[in-house]
Amino acid sequence: MFGAQGTGDTSGYGGLARTAASTGSSERPYGRYFDEVADDLERAYPMFSDAIERVVVDRGELTLHVKREKLVEVSKILRDSLKFEMCMGVSGVNYPADAGRELHAVYPLLSLTNNRRIRLEVSVPDADAHIPSVVEVWAGNNWHERETFDMFGIIFDGHPGLTRILMPDDWQGHPQRKDYALGGIPVEYKGATTPPPNERRSYK
Amino acid sequence: MTTFDPYAPSRDTTEGTVYSVTGGDWDSLVQEIGSTKEERVVVNMGPQHPSTHGVLRLVLELEGETVTEARAGIGYLHTGIEKNMEYRSWTQGTTFVTRMDYLAPLFNETAYCLAVEKLLGITQDVPERASVIRVMMMELNRISSHMVALGTGALELGAISPMFFAFRERETVLDIFEMISGLRMNMAYVRPGGVQQDLPAGAIPKIRDAVKLMRKNFKDNTTLLVGNSIWMKRTQGIGYLDLAGCTTLGITGPVLRSTGLPWDLRKMQPYCGYEDYNFDVITADTCDVYGRFLIRMNELEQSLRIVEQALDKLEKLEGAPVMVADKKIAWPAQLAMGGDGLGNSLNHIREIMGTSMESLIHHFKLVTEGFHVPAGQVYVAIESPRGELGAQVVSDGGTKPYRMHFREPSFNNLQATSAMSEGGMVADIIGAVASIDPVMGGVDR
Numbered sequence: 001m002f003g004a005q006g007t008g009d010t011s012g013y014g015g016l017a018r019t020a021a022s023t024g025s026s027e028r029p030y031g032r033y034f035d036e037v038a039d040d041l042e043r044a045y046p047m048f049s050d051a052i053e054r055v056v057v058d059r060g061e062l063t064l065h066v067k068r069e070k071l072v073e074v075s076k077i078l079r080d081s082l083k084f085e086m087c088m089g090v091s092g093v094n095y096p097a098d099a100g101r102e103l104h105a106v107y108p109l110l111s112l113t114n115n116r117r118i119r120l121e122v123s124v125p126d127a128d129a130h131i132p133s134v135v136e137v138w139a140g141n142n143w144h145e146r147e148t149f150d151m152f153g154i155i156f157d158g159h160p161g162l163t164r165i166l167m168p169d170d171w172q173g174h175p176q177r178k179d180y181a182l183g184g185i186p187v188e189y190k191g192a193t194t195p196p197p198n199e200r201r202s203y204k
Numbered sequence: 001m002t003t004f005d006p007y008a009p010s011r012d013t014t015e016g017t018v019y020s021v022t023g024g025d026w027d028s029l030v031q032e033i034g035s036t037k038e039e040r041v042v043v044n045m046g047p048q049h050p051s052t053h054g055v056l057r058l059v060l061e062l063e064g065e066t067v068t069e070a071r072a073g074i075g076y077l078h079t080g081i082e083k084n085m086e087y088r089s090w091t092q093g094t095t096f097v098t099r100m101d102y103l104a105p106l107f108n109e110t111a112y113c114l115a116v117e118k119l120l121g122i123t124q125d126v127p128e129r130a131s132v133i134r135v136m137m138m139e140l141n142r143i144s145s146h147m148v149a150l151g152t153g154a155l156e157l158g159a160i161s162p163m164f165f166a167f168r169e170r171e172t173v174l175d176i177f178e179m180i181s182g183l184r185m186n187m188a189y190v191r192p193g194g195v196q197q198d199l200p201a202g203a204i205p206k207i208r209d210a211v212k213l214m215r216k217n218f219k220d221n222t223t224l225l226v227g228n229s230i231w232m233k234r235t236q237g238i239g240y241l242d243l244a245g246c247t248t249l250g251i252t253g254p255v256l257r258s259t260g261l262p263w264d265l266r267k268m269q270p271y272c273g274y275e276d277y278n279f280d281v282i283t284a285d286t287c288d289v290y291g292r293f294l295i296r297m298n299e300l301e302q303s304l305r306i307v308e309q310a311l312d313k314l315e316k317l318e319g320a321p322v323m324v325a326d327k328k329i330a331w332p333a334q335l336a337m338g339g340d341g342l343g344n345s346l347n348h349i350r351e352i353m354g355t356s357m358e359s360l361i362h363h364f365k366l367v368t369e370g371f372h373v374p375a376g377q378v379y380v381a382i383e384s385p386r387g388e389l390g391a392q393v394v395s396d397g398g399t400k401p402y403r404m405h406f407r408e409p410s411f412n413n414l415q416a417t418s419a420m421s422e423g424g425m426v427a428d429i430i431g432a433v434a435s436i437d438p439v440m441g442g443v444d445r
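For the record, the sequence lines run as chains A and B. So the first sequence is numbered by this note's numbering: it starts at 1 and just counts up by one. So the second sequence is numbered by this note's numbering: it starts at 1 and just counts up by one.
Don't read these hints as lab results, they were simulated from the structure. Every residue gets a Cβ at the ideal spot worked out from N, C-alpha and C, and that includes glycine. Don't take every hint at face value.
To be verified - Output of the computed footprint for chain A on chain B, the stretches with three or more beta carbons under 8 Å from beta carbons of chain A:
#: 1; segment: 113-124
#: 2; segment: 197-204
#: 3; segment: 240-251
#: 4; segment: 269-276
#: 5; segment: 311-324
#: 6; segment: 369-380
Unchecked claim - Coverage of chain A stretches by chain B, computed from C-beta distances (three or more under 8 Å per stretch; other residues unrestricted):
#: 7; segment: 111-117
#: 8; segment: 138-150
#: 9; segment: 161-168
#: 10; segment: 186-196
Build out the structure end to end from the sequences listed, making use of the hints.
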């Protein structure tokens with residue numbers, strides 16, 4: 001445990017890191033209620049093919065990859081016409097190898113009326129990590145977007161108060177990005193500094 | 001202006017005078033605040049406050065005793081579990097998730113394992129006995145979690161006796177957990193593919209006795225609180241949040257059911273075979289703290305019903321496997337609890353150390369490197385005592401999670417604090433927060 005170098009990965013298998021392959025678009029029929037959801041959305045939203053980049057059905061779950069400019073529009077249609085009343089939050093995923101789309105935001109949606117689930121996914125480049133906020137559509141996404149900003153540095157434009165939520169306000173960096181190493185930080189208490197565990201002592 | 005008060009020193013800032021109250025003589029503080037013309041006071045409640053369920057910080061703006069603004073500050077218990085899991089194998093992940101919402105460890109483990117199984121495509125291969133054990137453990141866990149919610153909620157509103165009764169019942173449940181898994185909390189008992197070990201000999205009669213005992217003992221709290229006029233005055237009409245508020249804020253669990261909507265994932269989107277059990281979804285139509293309290297009280301009996309049905313099933317499934325048959329996923333040895341309280345499997349040790357080199361290699365690879373999970377992402381949601389607990393898991397095909405995110409009901413529901421308590425009295429915030437039942441380990445992860 002002590003004396004770990006580099007990422008702090010002590011499992012010994014850190015070198016086996018691989019890149020996640022992005023799945024291609026799925027073909028119709030999607031199965032289950034997914035065709036119905038896609039049809040309803042196309043009817044209610046004529047710009048469907050322009051806004052939805054890919055439709056992926058994997059392991060019995062439907063994912064709509066939405067262009068970020070259209071996210072709020074699509075969200076409102078999904079909430080009002082397709083009755084996805086609830087958004088179960090947003091979580092980020094960092095794919096450093098996916099050039100131009102390094103940061104993904106994933107929104108699981110739930111329809112209480114129809115008892116259905118779908119998922120929205122938005123991808124943005126690291127250099128321009130801006131996604132419009134959906135807090136005006138689902139107010140409960142407020143803290144979730146703050147957490148995703150805190151952990152991944154994705155800026156949700158239009159959020160009522162986008163500040164860090166879990167990490168301290170003056171924290172440097174966004175911990176759950178892949179380029180952020182796992183490791184300890186020095187602790188300051190009453191004037192004394194305790195180094196992080198991986199730098200305290202090495203049993204060499 | 002004022003003399004120095006060692007218990008409540010004050011300093012002037014650009015925002016106004018800031019008082020640091022450290023206990024002791026409150027009279028001088030009240031006197032000093034009374035001398036200012038402003039009615040508006042901003043109070044920091046927490047993070048070290050006994051009635052904020054751990055380290056929750058509430059920033060309250062008060063006009064007299066009326067709350068004009070309430071904001072929750074969180075993050076004091078952030079432990080980076082999601083990040084850490086990216087550096088450990090899929091099996092080791094259960095050891096992390098069990099520590100998130102520490103009052104409902106089995107729900108965290110089950111949500112995580114269901115997600116991993118869905119990624120592996122072995123959801124149908126999980127043995128029935130393992131699913132039944134998971135259901136039984138989760139329902140027992142729901143009882144112990146609701147008991148803490150009821151006991152601490154009552155304690156925070158000034159009723160001490162219910163807390164003693166509630167923790168007595170919780171102790172019964174924790175003893176069962178200890179008998180089955182060896183641990184009372186954070187047991188990492190549910191594993192991808194099944195459960196860590198089978199029930200020990202004589203477990204079923206003991207659980208039956210415990211169910212009987214709890215059913216009798218629950219009445220103590222019912223008689224103390226249901227219909228108690230002081231309790232009702234403190235909880236009725238307090239912390240109001242209707243269905244529209246719940247849907248827009250993404251609120252699930254007892255708070256959503258207190259609006260009259262019978263939304264319970266065990267019924268609506270069954271998992272672990274919940275469709276085979278008879279139980280009722282408890283609702284209330286009052287949208288207030290009292291309704292949520294009644295829902296939790298009545299869910300205890302429903303959980304006992306499910307536990308009894310699970311025990312009947314377990315008797316029929318005696319000797320059936322509790323882990324998937326696939327040796328590339330299942331833990332190499334089915335450990336049994338020894339007399340010393342440690343899990344061991346002497347036959348397995350004899351095989352890998354004495355007879356089969358291949359078995360040893362297989363054991364070594366599976367335990368140190370772990371199994372590979374095909375690339376993809378899934379979202380699995382289960383009904384935890386606090387609402388929808390979702391596990392968003394992404395795999396890149398490796399032996400460790402690529403990204404693990406928990407949609408924690410505590411984290412989401414805590415956002416309702418402002419909606420529930422603004423415009424009310426400062427003393428009612430306690431009841432409102434207690435009715436959300438946030439667990440800070442889950443909120444901050």
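These are the hints, each one checked on the structure:
1. 113-124: holds (count 3)
2. 197-204: Coverage by chain A is violated here, the residue count being 0 at a Cβ distance below 8 Å.
3. 240-251: Check passed, 5 qualifying residues.
4. 269-276: Our answer is that it is violated, as 1 residues pass the Cβ test (under 8 Å) against chain A, missing three.
5. 311-324: violated (count 0)
6. 369-380: holds (count 6)
7. 111-117: With 3 residues in contact (Cβ-Cβ under 8 Å with chain B), the coverage given for the segment 111-117 of chain A holds.
8. 138-150: The restraint on the segment 138-150 of chain A holds, since 8 of its residues have a Cβ under 8 Å from chain B and three suffice.
9. 161-168: Per the Cβ count (5), the hint holds.
10. 186-196: violated (count 0)
Comparing the model with each earlier hint shows violations of hints 2, 4, 5 and 10; every other hint is respected.
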